[in-house]
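*Asks:* Now for the letters of each chain:
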Amino acid sequence: MTTPTDLRYTASHEWIRTEADGTLTIGVTDHAQEALGDVVFLELPEAGRAVTAGEAVAVIESVKAASDIYAPVAGEIIANNQDAVDAPESVNADAYAAWLFKIKPANPADVSALLDAAGYEAAIA
Amino acid sequence: MPQHTPLHATHVAAGARMVDFAGWDMPVNYGSQIEEHHAVRRDAGMFDVSHMLALDLDGVDAKAFLRGLIANDVAKLVEPGKALYSCMLNADGGVIDDLIVYYLSDTSYRIVVNAGTADKDVAWMKERLAATGTRATLTVRRDLAMIAVQGPNARTKTWAAIPGSEAASSSLKPFQAAAFGEFFIARTGYTGEDGFELTLPNEQAASIWAALAAAGVAPCGLGARDTLRLEAGMALYGNDMDETVSPLDAGLAWTVDLKDPSRDFFGKAALVAKGAQRQVLGLVLEDKGVLRSHQKVFTAQGEGETTSGSFSPTLEKSIAMARLPLGVAPGDSVEVDIRGKRLKARAVKASFVRNGKGLI
Chain H
5 MTTPTDLRYT
15 ASHEWIRTEA
25 DGTLTIGVTD
35 HAQEALGDVV
45 FLELPEAGRA
55 VTAGEAVAVI
65 ESVKAASDIY
75 APVAGEIIAN
85 NQDAVDAPES
95 VNADAYAAWL
105 FKIKPANPAD
115 VSALLDAAGY
125 EAAIA
Chain P
106 MPQHTPLHAT
116 HVAAGARMVD
126 FAGWDMPVNY
136 GSQIEEHHAV
146 RRDAGMFDVS
156 HMLALDLDGV
166 DAKAFLRGLI
176 ANDVAKLVEP
186 GKALYSCMLN
196 ADGGVIDDLI
206 VYYLSDTSYR
216 IVVNAGTADK
226 DVAWMKERLA
236 ATGTRATLTV
246 RRDLAMIAVQ
256 GPNARTKTWA
266 AIPGSEAASS
276 SLKPFQAAAF
286 GEFFIARTGY
296 TGEDGFELTL
306 PNEQAASIWA
316 ALAAAGVAPC
326 GLGARDTLRL
336 EAGMALYGND
346 MDETVSPLDA
356 GLAWTVDLKD
366 PSRDFFGKAA
376 LVAKGAQRQV
386 LGLVLEDKGV
396 LRSHQKVFTA
406 QGEGETTSGS
416 FSPTLEKSIA
426 MARLPLGVAP
436 GDSVEVDIRG
446 KRLKARAVKA
456 SFVRNGKGLI
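Line order of the protein sequences matches chains H and P. Per the working numbering, residue 5 is the first one in the first sequence, and the count goes up by one each step. Per the working numbering, residue 106 is the first one in the second sequence, and the count goes up by one each step.
Keep in mind the hints are simulated off the structure, nothing from the lab. Using N, Cα and C, we set each Cβ at its ideal position, and we do this for glycine too. You can take every hint at face value.
To list a few chain H residues with every Cβ distance to chain P over 10 Å, as calculated:
1. ASP34
2. HIS35
3. ALA51
4. GLY52
5. THR56
6. TYR74
7. TYR100
8. ALA110
9. ALA113
10. ASP114
11. VAL115
12. SER116
13. GLU125
14. ALA127
15. ILE128
Here are some chain H residues pointing at chain P (derived, C-beta under 8 Å):
16. GLY41
17. PHE45
18. GLU65
Could you put the whole structure together from the sequences, leaning on the hints where they help?
*Replies:* Shown next as C-alpha cells:
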C-alpha cells in the first residue's frame with residue numbers, strides 16, 4: 005500500500021492534490037479502494053455545485069457496498085472525471101491516477117488543516 | 106472473539122481480506138471478487154464453508170421426526186445420499202432456518218444448517234426431540250470442515266486433486282451425495298454451477314484445500330459466493346427470509362410439500378391459513394446504479410422491497426431479488442428508491458444465471 009507524500013488526506017479516505025492554479029483534485033485512497041473491493045459505479049457531483057466541508061457529494065459503489073465520498077473543504081465543484089465514471093475499475097487499478105472531481109476552494113488555507121501522508125497512515129493504522 | 110474454521114490460517118496466509126460473518130472470521134475476497142466470481146462461472150472455484158454446521162440425526166424415529174420438523178417431506182427421499190432442501194418453520198410459519206437434509210437411511214440423516222442460526226437450530230431441534238418423545242439422537246459435527254468446489258470444471262479438478270474421489274462420485278446425480286472414507290461428497294452447491302460440497306475431518310481440510318488449489322481450483326471468498334448465489338436466484342437466510350417471513354412469501358413455495366394431507370409439520374397450520382401474500386421476483390436495474398438489499402420498490406400493484414441486491418459480474422448489470430405484491434409479473438416496469446431517487450428497473454423471474462449462461 006502506498007501513500008504519496010505530495011498529497012493531503014482526510015480521515016474519510018479522500019486524497020487531495022493542490023494544483024498550480026490553486027484548485028484541488030480529489031480522489032479516494034489506495035486503502036479505500038482496497039477495502040471497497042471491485043468498484044462498479046461512481047456518481048459524481050456536477051460542475052457549478054457549491055459544497056461545504058464534510059458534505060457527502062459523491063457515491064462510490066463496489067460489488068460489496070456503497071460508500072459516500074465527502075468534500076474535504078468548502079468550495080465549488082469545477083469538474084468531474086467522466087473517464088472514471090465510464091471505467092469505475094480504474095479506481096482499483098490506480099486510486100491516485102483515477103481522480104473523481106475538482107474543487108475551487110472557498111478558502112485555500114483550509115487545505116493545510118488536512119492530514120499529511122504520515123497523519124493519514126496513522127489514522128488507518 | 107470470532108471463531109476460526111480449520112482453514113483460517115490458510116486464508117490469512119493467502120492474503121485474504123477477512124471479515125466477521127455470523128461470528129466467524131471469514132475470507133470475503135482474496136484478490137478481485139469479480140475475478141473469483143468469473144472463476145466459478147467459467148472454470149472452478151472453492152469456498153471454505155466450514156462455518157456451516159453438519160448435524161447427524163440417528164434413531165428409529167428419525168424419519169417421522171423430520172417429517173414433522175421441516176416443511177419439505179423427507180418421505181420423498183428413498184435413494185441413499187439423496188438431498189432435500191427445506192425450511193424449518195416456527196409456529197407462525199416463519200423461517201427459523203433453511204437447511205439441506207441428506208438421506209442415508211430411514212434411521213440416519215445428515216443435516217447442514219447455516220452458521221448464524223446453528224446454535225438456535227440445535228436448541229430448537231433438541232426441544233422438539235424432547236417434546237415429541239423421539240427415539241433419535243442429534244450429534245453436532247463441529248469436527249467436520251466443509252469445502253464447496255463449484256464451476257463447470259469443478260468435478261474433474263476435484264477428481265484430479267483427491268485420489269479415489271472420482272470412483273466415489275462420478276455416478277452421483279445432482280443433489281445426491283456419497284460417503285467416501287471419512288469424506289462426504291455431495292453434488293450440491295450455492296452458485297448455480299455444477300460441483301461438489303465436500304465434508305471432511307477438520308484436520309484434513311488444509312491439505313485438501315492445498316491439493317485443490319494445486320489442481321487449479323481458485324480460492325474464492327464469501328463476496329463471490331454472495332454474487333453467485335444472487336445470480337442463481339438462491340435465497341440467503343437473514344436477507345431474503347427470516348422468522349417473520351413465510352416460505353410462501355419468500356419464493357420458496359416449491360420447498361413446501363403439502364401433498365400428504367395426513368402429514369403435520371411444525372408451522373403448517375399458520376402457513377396454510379395465511380397463504381401466499383407476497384411473491385419474489387428478480388429485478389434488473391435499467392438506470393445506472395447498484396441495487397442493494399432493503400430498498401423500496403414501487404409497482405402498479407403497490408410497494409415492495411428488495412431483499413438482496415448487487416452488481417452481477419456475469420450480466421454486468423445490477424440485479425436484485427425483491428418481495429413484491431402479488432400481481433406484478435415478469436416484464437413489468439417498476440421503480441426502486443436508491444438514495445432518494447426513483448430509478449427504473451424491470452421485473453424478471455428470480456433466476457438470472459445458470460451454468461454460466463445469462464437467462465434474462
